[in-house]
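Assemble the complex: chain U is given as a structure, and chain P must be docked to it using the hints.
Listed below, chain by chain, are the residues.
Number of protein chains: 2
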Amino acid sequence: MRPPLPSPSTTLSTPAPVPARTLARDLPTVPPGSVVRLQGWVHRRRELATVTFLVLRDRTGLAQVVVRPAVGQEMPGVPPEETTVEVTGTVTANPQAPGGVEVTGLGGAGPSDAGPSGAGPSGAGPLITPLTDAAETPPVELWRPALSAALPTVLDHAAVAWRHPAQKARWEVAAASLRGFRATLDAVGFTEICTPKLVGTATESGANVFPVDYFGRPAYLAQSPQFYKQQMVGVFERVYEVGPVFRAEPHDTVRHLAEYRSLDVELGFVRDHRDVLAVLRDVLAGMADAVRASGAAERLGVEVPQIPAEFPVLHFADALELVGAPSDEPDLAPEHERALGEWARAEHGSDFVAVEGYPMAKRPFYTHPEPTPHRSGSDAGEARWSNSFDLLFRGLELVTGGQRLHRYADYVAAIEARGEDPASYASYLEAFRHGMPPHGGFAIGLERWVARLVGAANVREVTPFPRDLHRLQP
Amino acid sequence: MRPPLPSPSTTLSTPAPVPARTLARDLPTVPPGSVVRLQGWVHRRRELATVTFLVLRDRTGLAQVVVRPAVGQEMPGVPPEETTVEVTGTVTANPQAPGGVEVTGLGGAGPSDAGPSGAGPSGAGPLITPLTDAAETPPVELWRPALSAALPTVLDHAAVAWRHPAQKARWEVAAASLRGFRATLDAVGFTEICTPKLVGTATESGANVFPVDYFGRPAYLAQSPQFYKQQMVGVFERVYEVGPVFRAEPHDTVRHLAEYRSLDVELGFVRDHRDVLAVLRDVLAGMADAVRASGAAERLGVEVPQIPAEFPVLHFADALELVGAPSDEPDLAPEHERALGEWARAEHGSDFVAVEGYPMAKRPFYTHPEPTPHRSGSDAGEARWSNSFDLLFRGLELVTGGQRLHRYADYVAAIEARGEDPASYASYLEAFRHGMPPHGGFAIGLERWVARLVGAANVREVTPFPRDLHRLQP
Numbered sequence: 001m002r003p004p005l006p007s008p009s010t011t012l013s014t015p016a017p018v019p020a021r022t023l024a025r026d027l028p029t030v031p032p033g034s035v036v037r038l039q040g041w042v043h044r045r046r047e048l049a050t051v052t053f054l055v056l057r058d059r060t061g062l063a064q065v066v067v068r069p070a071v072g073q074e075m076p077g078v079p080p081e082e083t084t085v086e087v088t089g090t091v092t093a094n095p096q097a098p099g100g101v102e103v104t105g106l107g108g109a110g111p112s113d114a115g116p117s118g119a120g121p122s123g124a125g126p127l128i129t130p131l132t133d134a135a136e137t138p139p140v141e142l143w144r145p146a147l148s149a150a151l152p153t154v155l156d157h158a159a160v161a162w163r164h165p166a167q168k169a170r171w172e173v174a175a176a177s178l179r180g181f182r183a184t185l186d187a188v189g190f191t192e193i194c195t196p197k198l199v200g201t202a203t204e205s206g207a208n209v210f211p212v213d214y215f216g217r218p219a220y221l222a223q224s225p226q227f228y229k230q231q232m233v234g235v236f237e238r239v240y241e242v243g244p245v246f247r248a249e250p251h252d253t254v255r256h257l258a259e260y261r262s263l264d265v266e267l268g269f270v271r272d273h274r275d276v277l278a279v280l281r282d283v284l285a286g287m288a289d290a291v292r293a294s295g296a297a298e299r300l301g302v303e304v305p306q307i308p309a310e311f312p313v314l315h316f317a318d319a320l321e322l323v324g325a326p327s328d329e330p331d332l333a334p335e336h337e338r339a340l341g342e343w344a345r346a347e348h349g350s351d352f353v354a355v356e357g358y359p360m361a362k363r364p365f366y367t368h369p370e371p372t373p374h375r376s377g378s379d380a381g382e383a384r385w386s387n388s389f390d391l392l393f394r395g396l397e398l399v400t401g402g403q404r405l406h407r408y409a410d411y412v413a414a415i416e417a418r419g420e421d422p423a424s425y426a427s428y429l430e431a432f433r434h435g436m437p438p439h440g441g442f443a444i445g446l447e448r449w450v451a452r453l454v455g456a457a458n459v460r461e462v463t464p465f466p467r468d469l470h471r472l473q474p
Numbered sequence: 475m476r477p478p479l480p481s482p483s484t485t486l487s488t489p490a491p492v493p494a495r496t497l498a499r500d501l502p503t504v505p506p507g508s509v510v511r512l513q514g515w516v517h518r519r520r521e522l523a524t525v526t527f528l529v530l531r532d533r534t535g536l537a538q539v540v541v542r543p544a545v546g547q548e549m550p551g552v553p554p555e556e557t558t559v560e561v562t563g564t565v566t567a568n569p570q571a572p573g574g575v576e577v578t579g580l581g582g583a584g585p586s587d588a589g590p591s592g593a594g595p596s597g598a599g600p601l602i603t604p605l606t607d608a609a610e611t612p613p614v615e616l617w618r619p620a621l622s623a624a625l626p627t628v629l630d631h632a633a634v635a636w637r638h639p640a641q642k643a644r645w646e647v648a649a650a651s652l653r654g655f656r657a658t659l660d661a662v663g664f665t666e667i668c669t670p671k672l673v674g675t676a677t678e679s680g681a682n683v684f685p686v687d688y689f690g691r692p693a694y695l696a697q698s699p700q701f702y703k704q705q706m707v708g709v710f711e712r713v714y715e716v717g718p719v720f721r722a723e724p725h726d727t728v729r730h731l732a733e734y735r736s737l738d739v740e741l742g743f744v745r746d747h748r749d750v751l752a753v754l755r756d757v758l759a760g761m762a763d764a765v766r767a768s769g770a771a772e773r774l775g776v777e778v779p780q781i782p783a784e785f786p787v788l789h790f791a792d793a794l795e796l797v798g799a800p801s802d803e804p805d806l807a808p809e810h811e812r813a814l815g816e817w818a819r820a821e822h823g824s825d826f827v828a829v830e831g832y833p834m835a836k837r838p839f840y841t842h843p844e845p846t847p848h849r850s851g852s853d854a855g856e857a858r859w860s861n862s863f864d865l866l867f868r869g870l871e872l873v874t875g876g877q878r879l880h881r882y883a884d885y886v887a888a889i890e891a892r893g894e895d896p897a898s899y900a901s902y903l904e905a906f907r908h909g910m911p912p913h914g915g916f917a918i919g920l921e922r923w924v925a926r927l928v929g930a931a932n933v934r935e936v937t938p939f940p941r942d943l944h945r946l947q948p
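Quick note, the sequences are listed as chains U and P, same order.
If you use our numbering, the first sequence corresponds to residues 1 to 474, in order.
If you use our numbering, the second sequence corresponds to residues 475 to 948, in order.
This list has only true hints and no planted wrong ones.
Some chain P residues close to chain U (C-beta under 10 angstroms, calculated; not the full set): (1) Pro613; (2) Phe689; (3) Gln705; (4) Val709; (5) Arg712; (6) Gly717.
Stretches of chain P that chain U covers, calculated by requiring three or more beta carbons in the stretch to come under 8 angstroms of a beta carbon on chain U: (7) 604 to 612; (8) 646 to 659; (9) 662 to 673; (10) 681 to 688; (11) 726 to 740; (12) 908 to 920.
By construction, these hints were calculated from the structure, which means they are not laboratory data.
C-beta: ideal position from N, C-alpha, C; glycine also.
Looking at chain U on its own, in the form it has when it is part of the complex (with noise of 0.2 angstroms):
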């Protein structure tokens, strides 16, 4: 029988033990012989006749703990799995052990493999101290190499499925993905904005929005912050917000989400689209790059993509011809975008590739129409294409952007043009009756991007708390 568990700590103000916290990615670089204090989660507990493993986990990775018992004494107790640990032990040599060092008796015991042994001068092994009660069983094996467990048994029990390694990696990738974008344009002049979520009027499509209780008057979510990045051009010339967007979107697909983080760009004073596609080229270079500085995609196995000088770009209309499409079709189908990653690989290695000019009917109306039309004929003099265009990675989807309308009279004329009516538009218009410079912008989902990049089929597997039709828990 083995000794109760240590009773947890109860003071927690008292004194720290020397020596200060070691984490497990420092582990390999502290001499020998050394004392360290390790804090984290039991990982893996492995309990054998004469020695227990610990692996204990911390955020910076795993460290192994070789737990033994003093000549003449019972074998210490160690916590189930998941208890938070404080551990104080020796650091020794073992080639055998993760990063060739592992944690043991105070003493300093051989490496595990040398037999028994353990206990210290003070006839201590490693001294663990649990944090908190013995942690019950995880809903999901939290230790093995990949995690096993169905997507709903992972959603349903996000705060501790998503301790797997594996897992954690996969939103270190968006953290770095947002760490990445701002710096990128940090460096280039450009002010993040925070704009409201809750909005008075259901404008931008007047579908799919969720309505809310405000004080008892009708409000809404905001779908995009399109309306007030395009006034705070008028202010700060360049402008990136990163936050929640929500759509009400009745459809349960693997690519949608009811509420998504957006990385939203805008910037004035631009020649046309290809000025906005430039900056979306640095921004996805600068995600790109910090993911790849995070070794979270090294460690995920995944391949994070070289973003050329320029992305390779098509018009809408030669696309549709490449793809072998009807001339007459308003937008591309998923086969068409596949068929377009295809080709941008094989003609110009590259991941990306752009469509401009996609049909003004098929884009909002603030959208720039194409200045002088890409083929003449039938279309020449209508505003048939648009300077709009999607940026497709891999295949699929990812960006969407463009320039915008500047003219308050081109505004009125749009959205006359649509049936509305441009009253309802006034507090947005305003910007356009007082000035504002030729712009555009895009605008990046970081889930889909994230999802792309580590190879998720669906986007529910890179975020820990998706919300759609049918899920509004945890």
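Relative to the frame of chain U, chain P by itself:
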């Protein structure tokens, strides 16, 4: 009579005129005699008999442009204020001009006070090309050094009013603060998280939540990321989030908004709330440094506070005594906060003072009690005080934080003690059943921080699109 304004350029895709755009900020570094191309807004137009002064505003500042007729020609037209324009002209030294330089005709006119002259060899004054139709007269006078409009006017016309350099600088303080916040935390192993704003239960307090119609089911807007950031401590140990939080605040005060930006931090493996306070200190120092580096505070003429190496800390019981309040007061009144602010300044030369040990009765259920009562006597043995704190900045509460409970059993007891059912917190509590470290955190209200820093009496003065009981527009 003046000639009509040049018509707006219609084909923005034509090759950009050389040279590349020069920003107003960089103009003084350009050798006199160089031809530059500026882009921006007509900030101020002053039409005198023989010369028109055009002050151009871009994202970096102001530049003076001097327009004179070519010999024998009429005065070239300059579009009205707020019209976006491109100006091509010659950099000319003029000690009277802002920055010591101005832009004159293409041939290199003399300084603006050297008498009439103007046209260069080509006969052209500075080339001024409007980028839109002539702007309408703005609802506020943007060119005056101070924005004199009343707050409701500024709010109603945010897209235009925020173009005023002083207003713009206020948001630059906010943007710099966000940069400093993230940089500080990124450097010490924190992971940025994005947690859902649509939640299934109105948990934390039940009061002041906004109901949402979620595909026909009830949902709510998150009042804080508290539960989620704690769960993510179980994954990443150290997390932060910058995001909107929503409070259906029924009171119309100068300090509250229905939607504001919360800068949330949570970290594991703390000894107690003092470790949390140390991180808060570093975060505010990073924010203050970033604001200083942005130059926005200097332009506003406001003093960025020095952050002491350690905040002075007072226990709540001692704070009551210090301000002469009865020892059974459950909270600090505004005049007490002011008195403590004065005390901190006088005794510690600090704009900040932390008050710790707030009564448990006034804190949320997840608050960790003070393990050893601060004073013996009738309170000994009861958990009257907590391991939580408020940070006062210049005598006003800026940040609330503290240590949280980390044991499952303690949560069950705390929830039951409030007469609630732990089952309604099941997904939140799952994290604690499976091992959580001692942890704590804090939240900074961005608007409140900026308002305090720039000396704005009302948080509505520092955010372009505030939301409150009465305001949902623009």
